[in-house]
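*Asks:* Sequence:
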Amino acid sequence: MLLDLMIQTKEDPQSLFLKEAKLGDTVALGCAVLKDEKIFPELFWYKQSLGHNPQMVARRYQTSTIYPSFMPRFTAGNGSNFNLTIRNVKKEDEANYFCNQGGKYQYTWNNGVFLTVKRFVSQTVVQQPVSASAQLGDPVALQCSITSQRTDHSNQCQGEPSVYWFRSGPSHPAAIYMNGNRSGECQNSSGPPSAPQSCVYTLPKNNVDSSDAGTYYCALAACGEVVFGNGTKLDITGNYIVLLTFIDALYFTVFCINCFYIYIYM
-8 MLLDLMIQTK EDPQSLFLKE AKLGDTVALG CAVLKDEKIF PELFWYKQSL
42 GHNPQMVARR YQTSTIYPSF MPRFTAGNGS NFNLTIRNVK KEDEANYFCN
92 QGGKYQYTWN NGVFLTVKRF VSQTVVQQPV SASAQLGDPV ALQCSITSQR
142 TDHSNQCQGE PSVYWFRSGP SHPAAIYMNG NRSGECQNSS GPPSAPQSCV
192 YTLPKNNVDS SDAGTYYCAL AACGEVVFGN GTKLDITGNY IVLLTFIDAL
242 YFTVFCINCF YIYIYM
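Residues -8 to 257, numbered by our numbering, are exactly what the sequence shown covers, in order.
Hints were generated in silico from the structure; no laboratory data involved. The beta-carbon is built from N, C-alpha and C at its ideal position, and this holds for glycine as well. Hints are supplied without guarantee of correctness; some may be wrong.
Simulated DEER-style distance windows between Cβ atoms [to be verified]:
1. C177 - R64: 33 to 41 Å
2. Q140 - G21: 27 to 35 Å
3. C177 - T56: 48 to 56 Å
4. Q39 - A132: 47 to 55 Å
5. N72 - S136: 43 to 51 Å
6. K10 - S153: 30 to 38 Å
7. P195 - V218: 18 to 26 Å
Let the hints inform the model, and build the full structure from the sequences given.
*Replies:* In C-alpha cells form, the structure reads like this:
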C-alpha cells in the first residue's frame, strides 16, 4: 500500500540557463523526451514567475494540451520533442520554465531555462558637467542628455517618456521639475525608426539663492523603468555655508523610491 503511494523524483543533470528574447519575438524552449514513454507517459511544462508559485502551462499524454490562460500564444510539440514555443513574447512571459516527464512512481525534472525579455527601450541618461558653481543672484541652466533606442515593437509600450528633475540638498529633496525644457529638437541618427534618438533637456534657474544649492538628478521614466543620471552638484558661492547631512541624503533616497513605485503602479 505504501509503495503505491510513493513517488520518486529525479533531476536532469543539465543546469539552469538563460535565454534572452525581445518583445514580439518567437522563442522555443527545449524539452527532450525520454525513450521509454511506457514508464514515463506524461510530460509537463511549468512556468514560475519571480515571487510566484509554479503554473502548469502544458501537458502531454498522447497529445499536447495547452492550458487556457496560455492560449493561443503558447504551443507544445508532439513526437520526439516536447518543446514549448512562445509567440509574440510579452514582458509578463519573463519567468523560469521547466519541463518534466513522469509516470505513476517517478518524475524526471530538468532544471529549466530562465527567459529574460528585453525592455522596450534601451536608454541612458548623462549629465554634464558633474559640478557647477554660481554666484548668488546669477542664472543657471542645468542640462542632461538622454539617448533612447526603441525596438520595432515599441507600440506595446504605453505612454510617452517623462523627464523629472530631483534635488538633494540642505532643504528636503523634491521633484522640482517635470518634462524640462528641451533644448532644440531631438536628433535622430540616420537609419531605421528603431535607430537611437538623442534629446537634451535643460532646467533653467534664475536668480539663484542658497536654497538652490545641492545635487540635481535628471531621471527618465519610460516603459515601467526609471533611469537616473549621474547628477550635477551645484554650489552657490556667497555668505553662507551649505550643509548636506546624512539625513538629507536619506530623505532623497526614500523619496526617489516612492516616486518609482508611484510611477510603476499608476
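*Asks:* Hints the structure violates: just list their numbers, smallest first.
*Replies:* none
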